[in-house]
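Respectively, the protein sequence lines represent chains A and B.
So that you can map any letter, position 22 of the first sequence is 22 in the UniProt record's numbering, and since no number is skipped, the others follow by simple counting.
So that you can map any letter, position 3 of the second sequence is 3 in the UniProt record's numbering, and since no number is skipped, the others follow by simple counting.
FYI, nobody ran anything at the bench for these hints, they're computed from the structure.
On a predicted model such as this, the values are computed, not experimentally measured, just so you know.
One or more of the hints may lead you astray.
List of simulated lysine-lysine pairs, DSS-like, C-alpha gap at most 30 angstroms [to be verified]:
1) K163(A) - K304(B)
2) K140(A) - K223(A)
3) K135(A) - K223(A)
4) K140(A) - K316(B)
5) K65(A) - K163(A)
6) K65(A) - K135(A)
7) K23(A) - K195(A)
8) K135(A) - K304(B)
9) K195(A) - K140(A)
Next come the chains, spelled out residue by residue.
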Amino acid sequence: MGTFTMPSLGADMEAGILVEWLKQPGEELSHGDIIAVVETDKGAIEVEVFEDGRLDRLLVEPGTKVPVGTPLAEIAGSGTQAQASPPPEPHVPADAPVETAPPAPPVSARPEAEPVSSIAPIFGAGERISPAARKLAYDKELDLNALQGTGPDGAIILADVQKAAGLAAGGANRTRPRNLAPMRRAIAAAMSRSKREIPHYYLCHSFDVSAAREWLDAFNGGKPPAERLVFSALTLKAVALAVSEFPEFNGFYGQNGFSASRSIHVGIAIALRGGGLAAPAIHNTDRLSLPELMLAMNDLVSRTRAGGFRSSEISDPTVTVSSLGERGVEALLPIIYPPQVAIIGFGSVVQRAWATGGAVQVRPVMCATLAADHRASDGHRGALLLRRIEELLSHPEGL
Amino acid sequence: MSEPAELSYREAVRSAIRNAMQDDPRVFLMGEDVGHYGGCYAVSKGLLDEFGPDRIRDTPLSESAFTGAGIGAAMGGMRPIVEIMTCNFSLLALDQIMNNAATLRHMSGGQVSVPLVIRMATGGGRQLGAQHSHSLEGWYAHIPGIRVLAPATVEDAGGMLAPALADPDPVLIFENALLYNDTARVDGLAKADIDHAAVRREGTDISLITYGGSLGKTLAAAELLEQVGISAEVLDLRVLRPLDEEAILGSVARTRRCVVVDEGWRSGSISAEVMARISESGFWNLDAPLARVCSEEVPIPYAKHLEDAALPNTDKIVQAVRKLLGR
């Protein structure tokens with residue numbers, strides 16, 4: 001028997017409102033299933049379960065606000081399945097001397113205090129859905145759980161999704177209304193804490209991005225819009241690869257000082273329509289190819305704007321990137337999102353007179369900034385990090 | 001030149017050797033019993049009389065020695081064809097093939113090339129016991145620096161030798177011994193391409209990916225599947241190294257399902273490599289798990305019923321496909 005508790009979905013989260021149960025007692029659960037929706041200061045977040053079993057009993061009614069760690073449901077072990085790996089818990093709030101520890105049942109659904117590093121791979125046990133079916137369902141925004149599989153052993157195959165797509169055209173889009181006031185409060189709390197506690201240092205570096213621009217144009221040439229890359233996919237990948245060589249910028253500052261993360265989950269600052277901001281992570285950014293990264297970004301941005309990011313995405317970025325994009329200004333000096341130790345900002349690409357090879361030419365120039373925690377790193381290394389990002393973007397074919 | 005209307009696989013290989021020797025005085029054939037005996041599978045029968053003992057050379061029973069001699073001759077400007085009786089015996093020459101033939105271009109910084117062709121028989125099904133019946137082409141496909149060919153048709157048996165000899169690097173040709181008596185009507189020995197896989201049968205429901213001695217069984221399985229309403233595409237790999245990844249992924253992108261048929265053992269096999277490539281680059285197209293039909297993981301038995309049970313056959317292929325499709 002395991003206990004599913006109100007998760008901590010951010011350094012400053014003390015309580016959350018259980019909005020909705022997405023599973024009912026008696027249903028089988030697999031590692032990674034989304035079990036409930038929790039309203040936090042950041043908005044409604046889909047919460048995953050990290051063990052296999054059967055949902056036994058719901059302990060909290062929808063609409064109830066409970067502190068982090070409060071048992072929400074009981075999960076009966078499947079008996080045949082080993083316990084799934086616990087979720088990573090990178091968020092050890094630096095300012096919380098005593099963790100809001102959950103009551104310790106024999107088998108905890110969310111064991112606390114495990115290593116900061118790796119994300120356990122999610123193997124969907126029990127459900128059989130072919131990759132082609134998943135992809136079409138994703139493209140068509142169909143809920144696979146609602147489909148009846150006709151493949152071997154009841155597997156959901158492409159034909160099932162095609163059939164459903166024909167019937168269910170339109171209307172499947174799930175968006176949630178968002179109350180912005182709590183999010184404003186959450187941003188205020190996190191940023192105030194950051195400025196209060198983190199000794200920031202800032203570095204700026206402008207460089208010519210014509211190589212990356214030209215490579216991107218060549219790559220996108222002739223491709224349908226859905227397969228094209230945007231510039232920020234390149235900068236995101238460059239950051240992920242660069243911090244892999246500079247681990248002191250990738251990780252968390254906790255009660256015992258800095259601890260580097262082995263995995264690289266780059267958070268992307270996403271401005272929400274109507275105001276507000278979230279910075280969920282793209283898992284293992286350094287290991288994604290550019291097209292995969294683009295897919296992940298599009299997915300994350302659209303889900304975030306629809307209020308559908310997952311608990312593991314919001315709670316475990318190891319470093320954050322903030323890009324101003326086309327309509328921004330030249331540079332930004334970002335604020336670190338605690339307990340992370342670095343945030344990298346990219347200004348808009350602007351046409352500038354640029355001295356190169358003894359002559360002045362008009363070149364596309366971008367300013368990259370680093371705000372880093374001086375407790376974890378020093379400016380010399382920070383400068384090397386920005387130089388490395390420049391170098392990576394100068395050879396975009398290697399990204 | 002007159003061409004027979006009906007040609008066997010054996011005759012096609014022989015004609016290809018004859019043509020190559022007529023076209024280029026640097027070409028010669030060397031191996032155990034290739035001269036007076038005419039080759040253990042009678043491929044070179046008659047060539048000694050035609051070309052003489054300088055160009056059709058019987059060798060001592062030492063694969064390492066005569067393969068090494070072939071490498072040396074190739075480095076010296078000749079175009080040797082080395083015949084090794086079976087791929088089991090080729091392991092005695094593995095040091096020469098892997099440590100010398102495959103590496104010399106790279107270790108000499110491009111100064112030395114080894115334009116050598118090694119032909120060998122492969123495969124089981126002839127009650128020749130475990131010393132003569134294995135399929136080791138997948139092992140050779142592991143080695144960078146060589147090209148590995150698996151002609152499955154009479155056309156390829158006759159057409160792959162000339163481009164193999166023209167290749168500046170070592171080429172291994174695996175001839176499944178059960179194919180030597182296969183016949184086909186061929187217009188002539190056209191030069192075959194040695195870079196690409198070939199779709200031998202088009203289909204829409206599943207890709208059956210195979211090569212060499214398993215092609216016939218797989219085509220027969222595709223015919224049977226047609227009768228139960230399953231449309232199978234058959235892709236003949238033809239070239240095991242370098243793999244024609246584009247053809248593999250293209251076929252699976254069309255059918256979204258795949259069974260690999262390989263007479264090699266499954267562990268660490270070429271079938272494993274094909275499946276890995278599909279997983280790497282074709283994952284999102286898949287509508288069913290990948291599957292394969294391989295030889296059982298035993299030394300190929302001598303007893304006929306055991307040997308039959310150990311090797312892939314048409315029925316096993318049909319069963320694998322039907323299980324995958326659930327019908």
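For each hint, the structure was consulted:
A threshold of 30 angstroms between alpha carbons decides the hint, and for K163(A) with K304(B) the separation of about 49 angstroms lies outside it, so the pair is violated. A threshold of 30 angstroms between alpha carbons decides the hint, and for K140(A) with K223(A) the separation of about 21 angstroms falls inside it, so the pair holds. Annotation: proposed proximity of K135(A) to K223(A) holds, straight-line Cα distance about 19 angstroms (limit 30 angstroms). Between K140(A) and K316(B), the direct Cα distance comes to roughly 38 angstroms. Violation of the 30 angstroms bound is thereby established for this hinted pair.
With a CA separation close to 41 angstroms, the supplied pair K65(A) and K163(A) exceeds the 30 angstroms bound. Using a Cα cut-off of 30 angstroms, the hinted pair K65(A) and K135(A) is violated, with the two alpha carbons roughly 36 angstroms apart. Distance restraint check for K23(A) and K195(A): the Cα-Cα separation of roughly 40 angstroms exceeds the 30 angstroms cut-off, and the hinted pair is therefore not satisfied. Proximity of K135(A) to K304(B) is assessed by CA-CA distance (about 47 angstroms); at most 30 angstroms being required, the pair is judged violated.
Using a Cα cut-off of 30 angstroms, the hinted pair K195(A) and K140(A) is violated, with the two alpha carbons roughly 43 angstroms apart.
Checked against the numbered hints given earlier, the structure breaks hints 1, 4, 5, 6, 7, 8, 9 and satisfies all the rest.
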